[in-house]
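As you go down the protein sequences, you meet chains A and S in turn. FYI, in the working numbering the residues of the first sequence are 1 to 131. FYI, in the working numbering the residues of the second sequence are 1 to 131.
Read the hints as simulated data drawn from the structure, not as lab findings. One or more hints might be untrue.
Claimed, not checked - Simulated coverage check for chain S against chain A, where a stretch passes if three residues somewhere in it have a Cβ under 8 Å from a Cβ of chain A: (1) 60-72; (2) 96-102; (3) 111-124.
All of these numbers come straight from a predicted model, not from anything done at the bench. Just so it is clear, CB atoms sit at the ideal spot from N, CA and C, and this is done for glycine as well.
Protein chains: 2
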Amino acid sequence: MTQTPSFLDAIKWNEQGLLAAIAQDARSNEILMMAWMNRQSLERTVATQQAVYWSRSRQQLWHKGEQSGHVQRVKSILLDCDGDTLLLKVIQEGGIACHTGRANCFFRTLQGVEWEETLHVLKSPDEIYNQ
Amino acid sequence: MTQTPSFLDAIKWNEQGLLAAIAQDARSNEILMMAWMNRQSLERTVATQQAVYWSRSRQQLWHKGEQSGHVQRVKSILLDCDGDTLLLKVIQEGGIACHTGRANCFFRTLQGVEWEETLHVLKSPDEIYNQ
Chain A
1 MTQTPSFLDA
11 IKWNEQGLLA
21 AIAQDARSNE
31 ILMMAWMNRQ
41 SLERTVATQQ
51 AVYWSRSRQQ
61 LWHKGEQSGH
71 VQRVKSILLD
81 CDGDTLLLKV
91 IQEGGIACHT
101 GRANCFFRTL
111 QGVEWEETLH
121 VLKSPDEIYN
131 Q
Chain S
1 MTQTPSFLDA
11 IKWNEQGLLA
21 AIAQDARSNE
31 ILMMAWMNRQ
41 SLERTVATQQ
51 AVYWSRSRQQ
61 LWHKGEQSGH
71 VQRVKSILLD
81 CDGDTLLLKV
91 IQEGGIACHT
101 GRANCFFRTL
111 QGVEWEETLH
121 VLKSPDEIYN
131 Q
């Protein structure tokens with residue numbers, strides 16, 4: 001029987017057994033994305049020091065960058081006061097965190113009552129995923 | 001009949017009608033907290049340019065800082081690729097975002113397999129809330 005690492009006890013998983021995880025660029029402090037982790041994905045993240053999320057749409061572990069090469073090397077992991085949100089400070093390989101080919105996922109900015117695209121595509125998804 | 005602002009249509013509310021909202025300090029880029037918004041709280045946030053969340057524990061609108069004075073003045077609002085996470089760039093009044101009296105909510109850092117407190121309390125919650 002393996003012992004559960006104690007750091008997992010501090011976490012308040014939601015009703016789906018998940019925890020929100022924000023990825024922030026460790027150098028620029030830019031917010032890259034928000035995704036979800038289950039227990040196994042967090043254990044994997046800590047063990048490998050690369051971000052491993054839980055894909056809610058595919059219902060499976062999602063090693064970020066496994067296809068694209070755009071892995072996130074984890075520099076530090078922080079937990080919030082409620083124990084239900086993680087902050088990962090990462091080095092984003094390739095400088096592209098978003099599956100749309102942008103540097104980060106927050107590419108729409110509210111201007112008045114309209115969203116405007118405020119980040120351009122660095123590399124087309126076709127190029128990223130069909131190499 | 002009032003017309004729904006179109007920017008709300010781009011949002012994918014979860015099964016509880018909520019959307020994750022990350023607050024980031026607009027000047028330092030420090031991540032302050034993560035909370036939730038429903039439709040009404042987002043409308044209120046846009047209208048007042050101060051962060052208004054939805055308190056899941058109290059099941060009511062939560063005008064951040066209404067008691068403490070630590071309001072968040074919203075400088076910009078960004079939406080991610082999936083339409084289910086907002087990023088608010090804010091000016092944090094009082095320099096304290098966390099109800100524990102810390103600058104932000106992410107005050108525990110994983111060191112090996114233990115959480116260590118890496119942010120100190122700037123003002124005790126007693127002082128903040130019982131003025």
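Does the region 111-124 of chain S contain three or more residues whose Cβ lies closer than 8 Å to a Cβ of chain A? Since 4 is at least three, the answer is holds.
Just to make sure I understand the rule, a stretch counts as covered if three or more of its residues have a C-beta closer than 8 Å to a C-beta of the chain. Does the region 60-72 of chain S meet that for chain A? Violated, because only 0 residues of the region 60-72 of chain S bring their Cβ atoms closer than 8 Å to Cβ atoms of chain A.
Closer than 8 Å, Cβ to Cβ, for at least three residues: run that test on the region 96-102 of chain S against chain A and report holds or violated. Holds: 4 residues of the region 96-102 of chain S have a Cβ under 8 Å from chain A.
Hint 1 from the earlier list is the only one contradicted by this structure; the remaining hints agree with it.
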